[in-house]
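Could you build the full structure based on these sequences and the hints that come with them?
Using this note's numbering, the first residue of the sequence shown is number 1, and each one after it goes up by one.
One or more hints might be untrue.
Computed Cβ-Cβ distance ranges for the label pairs, DEER-style [stated by the list, open to error]: (1) S120 to H382: 45 to 53 angstroms; (2) I146 to N303: 37 to 45 angstroms; (3) N195 to I146: 32 to 40 angstroms; (4) V143 to M271: 42 to 50 angstroms; (5) K232 to Y313: 27 to 35 angstroms; (6) D43 to D71: 27 to 35 angstroms; (7) K343 to M271: 34 to 42 angstroms; (8) S279 to S120: 47 to 55 angstroms; (9) E330 to S189: 29 to 37 angstroms; (10) R29 to G275: 48 to 56 angstroms; (11) K232 to G106: 29 to 37 angstroms; (12) G345 to E39: 43 to 51 angstroms; (13) R145 to K292: 32 to 40 angstroms.
If you are wondering where the hints come from, they were derived from the structure by calculation, not from laboratory data. No residue lacks a Cβ here, since even glycine has one placed at the ideal position from N, Cα and C.
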Amino acid sequence: MGGKRVALCLTGSVASVKAVEIIRELRRRGIDVEVYVTERALDYVGEKALEWASGKKVIKELSGSSEHLKDFDLVAIAPATANTISKIAHGVADNPVTSLFLSSIGKGSKLLVFPAMDLSLYDNPLTRENLSKLKELGVEVSVTRIEEGKVKIDCDAVIWGVEKGLSEKDLSGIKALVTAGPTREYLDSVRFLTNRSSGKMGCHISRELTKRGAEVTLIYGPGSERPPFDVKLKRVESYDEMRKEVISELERREYDLIFLTAAVSDFKPKMRREGKISSDKAITVELIPNEKIAKLVKEISPNSILVGCKAEYNVSEEELINRAYSRLMEDSMDLIVANDVGKEGRGFEVDTNEVFIIDREKKIKHVPLSPKEIVAKEIIDHVKGYLR
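Here it is as structure tokens:
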């Protein structure tokens, strides 16, 4: 995202108080942010705070410098009030925000609008008509959250919208299926076997794919990571549910890419007991192995590029690679991503990872310890080269 220029426009909504957080997060991603405001926006957020966050003077009035004619890679109004939306839809350019936005239409800039208002205003037929006009002009309108009778701004959704809008769409037209998170195998109605998977790696892969234009279906176990925006999300809990959804998706449509990143349980209790097992005495639980979901994929979808994962615990690099390669060949995968979860900062419940990507010819790409979003990008960059 380095070098990309974004104009963040604020209007007279209390949601403008979230602007500082949004600006700082965008700048952490290397994005150059310039802030445009209406007069009423400064009733809710301080000018000095915005200048501190952006590192630039806030544009609150137009001058001979023609600030409204500047070129940006992306222009976002967050929050956008019903009043501002109406003005733009009717060509009214009476403040820095409306003037910049109107001048940017047709320039090639990505244009985003994030409404924030009472639900009665949003549902008003005139507001809906105005939003439709903006959409016809190529403006992307994103309603991020509706609660308490209001359309509200979700900071993560705004940041995501900007990131996605600035990204190259080199995977446009690609259909991808991703599994992520752990599964739960119940002993009784309240206790279950699981693992420490947070779902972070699979969610980052889903985000990266979506950001780059792929159409993503995410089958997600009970992970702690917030699932990405703009994916088709299917929630599951157990191995049986995960297996059923994977089979259902593969029989329903063809996928170009399949990433099996979920930490699916290898075993499940032979018998699940109803109610809560008494803790007064010891019990013996018989576990039976679960069939590997990866084994089923190529049978149903032989033309998909299948990327699996293999986690080991405190083994040598050579052993990690050899075990992963054996699994790749056994399950007819095209590539496998191997990591050692026994080493600090790698694997479960952390924000970093180190992986080895191995193909059927045993060619290896090493991704050193990095934030998981970087690892996801490296994985997808590498896998892209195998697309037919």
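Hint compliance check: list the failing hint numbers for this structure, sorted ascending. none
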